[in-house]
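Between the sequences and the hints, there should be enough to build the whole structure, so can you do that?
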Amino acid sequence: MQVHHYDVVIVGAGGAGMRAAIESGQRARTAVLTKLYPTRSHTGAAQGGMCAALANVEEDNWEWHTFDTVKGGDYLVDQDAAEVMAKEAIDAVLDLEKMGLPFNRTPEGKIDQRRFGGHTRDHGKSAVRRSCYAADRTGHMILQTLYQQCVKHGVEFYNEFYVLDIIMTEVDGVKRPAGVVSYELATGEIHVFQAKSIVFATGGVGKVFKTTSNAHTLTGDGMAVTYNRGIPLEDMEFFQFHPTGLAGLGILLSEAARGEGGILRNSEGERFMERYAPTIKDLAPRDIVARSMANEVREGRGAGPNKDYVLLDLTHLEPAHIDAKLPDITEFARTYLGVEPYTEPVPVFPTAHYAMGGIPTNINAEVLADTDNVIPGLYAAGECACVSVHGSNRLGTNSLLDINVFGKRAGIAAAEYAKTADVVELPENPETDVVELLEKMRTSDGTERIGAIRKDLQEIMDSNVQVFRTDESLREALNEIAKLRERYNNVGIQDRGKRYNLDLLEAVELGFLLELAEVISVAAIHRKESRGGHFREDFPDRDDENFMHHTMTYLDPEAETDGIKGMRLETKPVIVTRYQPMERKY
Amino acid sequence: MSTTSIPAPRTGYSRHKSTRSKFEMFAWLFMRISGVVLVILIFGHLFVNLWVGDGVQAIDFGFVAGKWASPFWQIWDLLMLWLAMLHGTNGLRTIIMDYSEKPSTRMALQVILYIAAVIVIVLGTLVIFTFDPCPAGADPSVLAEFCKA
Amino acid sequence: MSTDTTPAEPASKIDLPDHVAGDAGSIPSFDCTFRIARFDPEQDSEPHWEEYNVTMYGTDRVLDALHKIKWEIDGSLSFRRSCAHGVCGSDAMRINGRNRLACKTLLKDLDTSKPIIVEAIKGLPLEKDMIVDMEPFFQSYREIMPFLITSGHEPTRERLQSAEQRQAFDDTTKCILCAACTSSCPVFWTDGQYFGPAAIVNAHRFIFDSRDEGGDMRLEVLNDKEGVWRCRTTFNCTEACPRGIEVTKAIAEVKQAILQRAF
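Residue numbers (my numbering), protein chains in the order written: chain Z, 1 to 586; chain E, 1001 to 1149; chain A, 2001 to 2263.
Derived by calculation from the structure, the hints in this document are not laboratory data. A few of these clues could be false.
Below are the DSS-like pairs computed for lysine-lysine, each with C-alpha atoms no more than 30 Å apart in a straight line [to be verified]:
#	chain 1	residue 1	chain 2	residue 2
1	A	2068	Z	483
2	A	2013	Z	152
3	Z	110	A	2108
4	E	1022	Z	152
5	A	2013	A	2068
6	A	2122	E	1102
7	Z	152	A	2225
8	A	2225	E	1022
9	Z	455	A	2225
10	Z	585	A	2013
11	Z	498	A	2122
12	Z	498	Z	528
13	A	2225	E	1102
14	Z	125	A	2122
15	Z	210	A	2108
16	A	2249	Z	98
17	A	2013	Z	307
18	Z	455	A	2108
19	A	2068	Z	440
20	A	2249	E	1022
21	Z	498	A	2068
As the structure is a computational prediction, the values presented were derived from the model and not from experiment.
Next up, the structure:
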């Protein structure tokens, strides 16, 4: 085992992690631990753009952006956070431009902007051009640009280091982190990183679902690691299903396709969004579009041999326009489905895309120990965090904004904290739990296979916890997950080696997935209303009286609520500043 | 696999120190320019030797001697010799660089190459400049016309 | 690339051809054999070949087959992968002798009557199965200073750039650093000293960016012994690039830029 000492340790090198590293690296001794090479992070898969009220092409202001974010999140958004994000969005975009990001340009040479789902002018009057973009690879360009800046500033990366535990101690009765325990993929060695501040930026948990736009590596590691050490998870029931995943594959086709004029049709050729969102139609927020699509399929108007998808129609657009604005996603349709988007509509269906919930933080990216208190020295940003700027449904492009605004805030806050804070002493043998877990896995004679359990989990989640949920389906999912956890205790791996043992890590990741799937299902059972990305068929309406609050889920072996053991659920009030909840219509 | 000796991340890999020389650029440029010039020189050479007048039948000692009596052809052939040799040598140098994996092999091959090139260039140049078109005591039937004068 | 092209409102309802709206037939399945170069650093001194038979479907990619082998046959098969749709650059490997991304290579585009040969990319130190040490690759990348270099005060708003100026380096911004190009370059295979196509592509991205002022420094680096002049224009890189970047052309443009600067 090796012990390393730093002022700041950042876990994860996607957009949020690297944005934090750029700030922190210039202020304090910083290490970035990442289970991939930084440029492999899933920020790179984001396509459409990053919204900011630059008003480069038409009138706009950040207050409208705040409103759209709040309304898009079905009023479960903490409005102070949304204000911060919308206000700082402008600088976030300009920062990126100054770092060299090659945005598309207007004829005057300014950053070009385009329409995006749920983004409107003057509180919902009509769609507005707010999304700054670099063709349909904005996320790719952000990831590359941030990595370039990290190279420039000499940020210290530990590539292919898996963080498997956070070391929490108590100092004078206050919970504080002392460091993290990580596993080096190349050698199988354990490294303990002691740090004054720790930033989690580990991304999402899309792999609990079968149809997902998420990478294979998005297994919710950071969420699970902190959850296991008593830190709550907020609003985990809210999972966003992106309307346009390639049917059957889940590969994302950006909302930009609809922003640029693409429309959805059912098997009868009908533009069905006219019925569900008469004003902004295909550019309604993702939860509404995804639900409408699923509903079309459910009512027998799906296309294809199994009538299980709808169609994204770009055929009325000029091929030159498609090539200029949407080159990558049309390439996906050609490569993976063999469909030529110039002449044929593309089969699409909702795909699990984004966890609105995560590690609870305040607007300074400080992690909350409970509803009222922060954990000094612990920060989180990006998809693994819940600020909450996305409420119950994230608007398109706001994730790229989230990582830049709150990644930056986390980096600055972590470095500033490290300047004044003392080092927290490491407890004795902080690595024991991880070493025991890994040794048990590595030497287990179990007969269950990782792939089989994961496949079953993903299928259960897809059929029970997806766009439409009921008490029955969620309890069914919980039962099945409990059985899978039994099977998981008997899991065996075949790679017994030390070097690059990905088999071992997949087994560990599967444990995280099972845990988080359970948290998602339990939180979903408790929210007996429909709001944003969480739709309960048995409670189809929003219920502000009883559920206008965030869910906080704690790991607690003693607790029992509604017949479910091992978890304690608490609530946290939603911060409302200017916008009182209204009915959400588009 | 021992668990103690692992290199720290970002252990450097050794690239040759920067030489800050423009040699490679000039070498690259030389190959293009000499290539074009050589095409003219070689085709000019072939045209005069094999095509004009009696063509290939006319070539004999006298013909060559006749050409080298003129400074024009001396310089033509000298250029051809130098450019072809340097072009070829540089080409072989890049092949050696691209295909030899061990530094020692690379060094040995390059030494042989350069020695060979120098020998050919020096000998060739010497021949062009020290050539006697009318050697004493030679069979007059093979000599050029002007030797009889 | 004007932004003012608001397309006319499309029709509310159209007639769809039958093959789009309804039955498109089922997806064919087939058996195929994979010949995979396996290397376990803790047991082997040399890579060896192993064969696996799997049943796959028409829409599957090589990555799906590797997953199937790993998850159902041999869990010790090791390869990097993440996004699984060609944007993260983790899974560059040599498939039937050509560098490609496993997640972008559809089985139906390969000859499945013969074994499909999969091995690690060449020229970088082999670590295990399909995993190579990427550090030399990223070192070259870092050496060309892959970040915007500017002088003077930062403007308050964005720097202006015309659509044409933006277009000049558009192609090379697509690079995902997968190393398919560099590890297909015969010059790189020799001794790994050559900067390689990927580093040059990323230098190109900044050299031709109208906002950047560090072009001279980068050209200086690439004018060196191991720089662009080692390119033999074999076009392996262009052919290997999963993002369709015209790599060899980009290298030629950098060569031209160096010459223009010198004369």
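Numbers of unmet hints, in rising order: 2, 3, 5, 9, 12, 14
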